[in-house]
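Colleague: Spelled out from the first residue to the last, the chains are:
Number of protein chains: 2
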Amino acid sequence: MSSKVEQIQKYLQKTGVEAAFITTPENVFYLSGFLSDPHERLLGIMIFKDTAPLMICPKMEVPDAKAAGWSYEVIGHDDKEDAWEVLATKVASLVGGIQSLAIEKSHLTVERLELLQRFYPNSTVSGIDQLLTDMRIVKSEDELVKLREAAKLADYAIQVGCDELAEGKTELEVLSAIEAAILKKGYYMSFDTMVLTGLNAASPHGTPGNTKIKKGDLVLFDLGVVYEGYCSDITRTVAFGEPGEDQKAVYNAVLNANLAAIELAKPGVPVMDLDKAARDQISNAGFGEYFTHRLGHGLGIGVHEIPSIHGGNELPLVEGMVFTIEPGVYKGDTAGVRIEDDVVVTKDGLEILTKFPKELQIF
Amino acid sequence: MSSKVEQIQKYLQKTGVEAAFITTPENVFYLSGFLSDPHERLLGIMIFKDTAPLMICPKMEVPDAKAAGWSYEVIGHDDKEDAWEVLATKVASLVGGIQSLAIEKSHLTVERLELLQRFYPNSTVSGIDQLLTDMRIVKSEDELVKLREAAKLADYAIQVGCDELAEGKTELEVLSAIEAAILKKGYYMSFDTMVLTGLNAASPHGTPGNTKIKKGDLVLFDLGVVYEGYCSDITRTVAFGEPGEDQKAVYNAVLNANLAAIELAKPGVPVMDLDKAARDQISNAGFGEYFTHRLGHGLGIGVHEIPSIHGGNELPLVEGMVFTIEPGVYKGDTAGVRIEDDVVVTKDGLEILTKFPKELQIF
Numbered sequence: 000m001s002s003k004v005e006q007i008q009k010y011l012q013k014t015g016v017e018a019a020f021i022t023t024p025e026n027v028f029y030l031s032g033f034l035s036d037p038h039e040r041l042l043g044i045m046i047f048k049d050t051a052p053l054m055i056c057p058k059m060e061v062p063d064a065k066a067a068g069w070s071y072e073v074i075g076h077d078d079k080e081d082a083w084e085v086l087a088t089k090v091a092s093l094v095g096g097i098q099s100l101a102i103e104k105s106h107l108t109v110e111r112l113e114l115l116q117r118f119y120p121n122s123t124v125s126g127i128d129q130l131l132t133d134m135r136i137v138k139s140e141d142e143l144v145k146l147r148e149a150a151k152l153a154d155y156a157i158q159v160g161c162d163e164l165a166e167g168k169t170e171l172e173v174l175s176a177i178e179a180a181i182l183k184k185g186y187y188m189s190f191d192t193m194v195l196t197g198l199n200a201a202s203p204h205g206t207p208g209n210t211k212i213k214k215g216d217l218v219l220f221d222l223g224v225v226y227e228g229y230c231s232d233i234t235r236t237v238a239f240g241e242p243g244e245d246q247k248a249v250y251n252a253v254l255n256a257n258l259a260a261i262e263l264a265k266p267g268v269p270v271m272d273l274d275k276a277a278r279d280q281i282s283n284a285g286f287g288e289y290f291t292h293r294l295g296h297g298l299g300i301g302v303h304e305i306p307s308i309h310g311g312n313e314l315p316l317v318e319g320m321v322f323t324i325e326p327g328v329y330k331g332d333t334a335g336v337r338i339e340d341d342v343v344v345t346k347d348g349l350e351i352l353t354k355f356p357k358e359l360q361i362f
Numbered sequence: 000m001s002s003k004v005e006q007i008q009k010y011l012q013k014t015g016v017e018a019a020f021i022t023t024p025e026n027v028f029y030l031s032g033f034l035s036d037p038h039e040r041l042l043g044i045m046i047f048k049d050t051a052p053l054m055i056c057p058k059m060e061v062p063d064a065k066a067a068g069w070s071y072e073v074i075g076h077d078d079k080e081d082a083w084e085v086l087a088t089k090v091a092s093l094v095g096g097i098q099s100l101a102i103e104k105s106h107l108t109v110e111r112l113e114l115l116q117r118f119y120p121n122s123t124v125s126g127i128d129q130l131l132t133d134m135r136i137v138k139s140e141d142e143l144v145k146l147r148e149a150a151k152l153a154d155y156a157i158q159v160g161c162d163e164l165a166e167g168k169t170e171l172e173v174l175s176a177i178e179a180a181i182l183k184k185g186y187y188m189s190f191d192t193m194v195l196t197g198l199n200a201a202s203p204h205g206t207p208g209n210t211k212i213k214k215g216d217l218v219l220f221d222l223g224v225v226y227e228g229y230c231s232d233i234t235r236t237v238a239f240g241e242p243g244e245d246q247k248a249v250y251n252a253v254l255n256a257n258l259a260a261i262e263l264a265k266p267g268v269p270v271m272d273l274d275k276a277a278r279d280q281i282s283n284a285g286f287g288e289y290f291t292h293r294l295g296h297g298l299g300i301g302v303h304e305i306p307s308i309h310g311g312n313e314l315p316l317v318e319g320m321v322f323t324i325e326p327g328v329y330k331g332d333t334a335g336v337r338i339e340d341d342v343v344v345t346k347d348g349l350e351i352l353t354k355f356p357k358e359l360q361i362f
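Chains A and B, in that order, give the protein sequences. Position one of the first sequence corresponds to residue 0 (numbering that gives the first Met the number 0), numbered consecutively onward. Position one of the second sequence corresponds to residue 0 (numbering that gives the first Met the number 0), numbered consecutively onward.
FYI, nobody ran anything at the bench for these hints, they're computed from the structure. A hint or two may mislead.
Intra- or inter-copy, both count: the list cannot distinguish identical chains.
[Claimed, not checked] Below, in silico cross-link-like pairs of lysine-lysine (DSBU-like), each with a Cα-Cα straight-line distance of 35 Å or less:
1) Lys275 x Lys79
2) Lys58 x Lys247
3) Lys89 x Lys214
4) Lys357 x Lys58
5) Lys183 x Lys151
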């Protein structure tokens, strides 16, 4: 029995809930290794208190699910069938009825719960979202291998962007070259790439457009790449031509904030202390009011996971947590600068996954 | 009062439901002109039986919602507030309590319904999904203007792909050039672009990879572009070098199927007749078993809408419906060919939005 499935079974045994139905594609992937976007079709894993689990997926994907490493039963459904009935029939043959069921309340729609409950009309329904979220917060070595590769691809994408910088090129021209380079390697971005030049980077509403790069601009790149289901998320701000002293002052404040948080992080340190360490650097430099967001967020199969790295989060760091450290200053008349790394908590500090240089690069 | 809001109000008056809460970003856009992806934050429109409607969105987006043309009230919420409480407080001030509520059951999660129902613990809940889906099936002239532009961009993207074809280039190289060209213009694809060469196009599991284009290949492009919230979806199959007679036979069968469905379509004709007309052409050419999917699907704000163009759908065509016509033959030892147009039902036939040539193009 896989240890992840076992962990959910233990939860069911402890709480007395008979079965959990997991339906987010991310959590199906997390539990099974099978990465699939079923669109409107049914994909899910039913985990029982005392019986081996069961996956249901579109019929044509059954071989893929098995090939991905799911060693338990998989049943398929086709478009001519009621997928929920296919599931219920199989469940009945395995465990009889279900009186208490856990679902992912933050994912399952009202319609889908109604479709499911046709077969368990008197069952109680509880949420299992938190358990899965909590399980995913600490990454295994297998996951770290993928996160490292995703970060390498992000470093490469930043390099492509820097190589594209030229007087008069638009943000969109640079952005399209970056995404093309990643697609050409067969990978997808983990979110829409941002390339913002000059004061566009200082606007909270900045979106890439036809603004041209000119000498003296700071250019902000924010992007990420998916590697075997795992996301990276990097931001670098570089200079095109020699920047002014006021821009350098903003840059240095943000860099010091990034470094201060990294310096402090190790197991046992509360998340909020990282946010404070970074924020203090920026405030001391006189830019406190322009650092308008939290310091970072967890990262993994999702591009936004827990822990949320903000000033109110008392959670202590634990070895294997992966998150971003991304202080920023957005001063509308001077510059927008953000420097974002992906990091893993190690035994006594941090491993930094994103390695593109952080000293101000001038092109 | 906008006619769309009025239509929902009439439904509420007829059914006696006091309010409808619309939360899909697509339907919020459809009703308000405000196109936004709020991620995990709350965005919705509450439409009351007899009172002017109300939008709730993240506070920083309130000006955007108004600028987009929503002329009714907008309230904002920030991350420090309980957005549902902000909404409920406002609703109470407008209409008092709510005893009966319609929601989008296929979109609202169980968790969100629970958050909402804290304030209306004894209310009945019904679904309003079908009404919105039905309203969107016939497009207005405003919508057609955008769909025509989206289709033009799709034609352009196919041309970019054809211009990229060269001996030894990979599918991913061609694909990345297409997406870069669209991004450079400031637009996004409506789904992940497909470029498949040779027998890859004949596999139901074909995904773009490092297969190289070689003389005699048929190359299949399937792509779409979003223009101001509206999607196109085009497929063209072209030849790189002179194809063999067996490939041409497949191509001609698919082209004849596409043309037969187009020829037949006009108001009043049942959808299923189009599917049959296309399928007959392919069957008569001896490839019936290799046409493994429905003829097409509706298109608009979503890339898959109603009507579903399949052999069991008796719905008669109505002026203003927009859908794809995309017969395909996937014969594993010979060729994969699909030809897909976006069409609008006119007074006496069809307007074809996608204009890239359909006679076999040889590069």
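Colleague: When the structure is checked against the list of hints, which entries are broken? Sort them ascending.
Modeller: 3
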